[in-house]
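**Q** All chains should be built: construct the whole structure from the sequences, respecting the hints.
When we follow this note's numbering, the leftmost residue of the sequence shown carries the number 10, and every step to the right adds one.
Worth flagging that the hints you see were computed from the coordinates, not collected in a lab. Any given hint could be a false lead.
[Said to hold, decoys possible] Restraint ranges, calculated between C-beta atoms of paired labels, are given here:
#, residue 1, residue 2, range
1, Arg172, Gln139, 16 to 24 Å
2, Pro80, Ser124, 16 to 24 Å
3, Ala198, Ser177, 16 to 24 Å
4, Pro209, Arg241, 17 to 25 Å
Here the structure is a predicted model, which is why all the values come from computation and not from measurement. Just so it is clear, CB atoms sit at the ideal spot from N, CA and C, and this is done for glycine as well.
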Amino acid sequence: MPPVFDQHAVLRVATWNIHKGVQGLGPARRLEIHNIGHAVEQLDADIVCLQEVRRMNRREERYFAHWPVQPQADYLAPEGYEAVYRTNAVTRHGEHGNAMLSRWPVLSHQHQDISDHRFEQRGFLHTEVQVTQRIVHVVVVHLGLVPASRLRQVALLLNYIERHIPQSAPVLVAGDFNDWGTGLGRRMAGAGFTEWRERPTPTYPSRLPLNQLDHVYARGLRPLGAMVPSGRIWPRMSDHLPLLAEYAWDA
10 MPPVFDQHAV
20 LRVATWNIHK
30 GVQGLGPARR
40 LEIHNIGHAV
50 EQLDADIVCL
60 QEVRRMNRRE
70 ERYFAHWPVQ
80 PQADYLAPEG
90 YEAVYRTNAV
100 TRHGEHGNAM
110 LSRWPVLSHQ
120 HQDISDHRFE
130 QRGFLHTEVQ
140 VTQRIVHVVV
150 VHLGLVPASR
160 LRQVALLLNY
170 IERHIPQSAP
180 VLVAGDFNDW
190 GTGLGRRMAG
200 AGFTEWRERP
210 TPTYPSRLPL
220 NQLDHVYARG
230 LRPLGAMVPS
240 GRIWPRMSDH
250 LPLLAEYAWD
260 A
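**A** Here it is in structure tokens:
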């Protein structure tokens with residue numbers, strides 16, 4: 010990734026599906042949310058987009074002695090960051106959704122339900138962030154598992170952006186696209202969004218990454234680089250690896 014000379018000239022953005030802060034199944038499952046908190050701080054991103062973030066879960070709270078008292082988005086926010094969370098899915102034991110952590114002030118936020126069928130509750134979070142003298146729109150997405158659903162959800166996403174975000178405004182769309190060859194990248198490119206593509210950055214599955222399910226797309230910003238952190242600790246925390254991207258302001 011190119012070196013950063015001016016801390017305000019480059020916007021550093023991360024996206025990560027944190028698997029609700031728990032890894033494993035049944036009695037072997039383990040709480041990773043504390044490690045994820047340290048990892049988010051190490052990413053040192055201006056904006057962190059998170060998926061599968063729990064607001065609360067009564068069953069896990071009873072099971073794990075050290076379950077955080079705060080909702081996960083608030084717990085994961087480094088000191089000085091703002092945390093914004095909106096629920097996608099309500100389950101028997103709790104609820105989870107998308108979150109954004111920002112080093113810069115958050116001016117507004119709203120949620121859009123894009124559930125395509127009754128078996129998957131999906132949505133995206135739209136925030137406006139004041140970065141120095143600029144307003145950046147950040148959209149955090151988590152798309153469905155069914156290919157046809159993803160195509161319809163991207164169509165809804167792009168339609169929303171066209172209706173609610175000025176064409177001249179910088180926009181970031183980041184998250185878990187669950188894209189196994191659906192061609193969502195071409196649709197994003199057709200709407201003017203770009204991402205760093207000079208080398209592969211697979212994010213899933215974390216222990217043996219084969220495919221890039223997680224993306225950071227931008228319009229009105231120029232991609233400088235992207236990388237996936239390496240090391241033994243990262244696959245332990247989630248089934249996805251985080252993606253870290255850097256963007257420069259368009260002149």
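**Q** Work down the list of hints and note, for each, if the structure agrees.
**A** We went through each hint and held it up to the structure:
1. Arg172 to Gln139: 16 to 24 Å: Holds - the Cβ-Cβ distance for arginine 172 and glutamine 139, about 22 Å, lies within 16 to 24 Å.
2. Pro80 to Ser124: 16 to 24 Å: Taking Cβ atoms as reference, proline 80 and serine 124 lie about 22 Å apart, which means the hint holds.
3. Ala198 to Ser177: 16 to 24 Å: 19 Å, holds
4. Pro209 to Arg241: 17 to 25 Å: 21 Å, holds
Hint compliance for this structure: no hint is broken.
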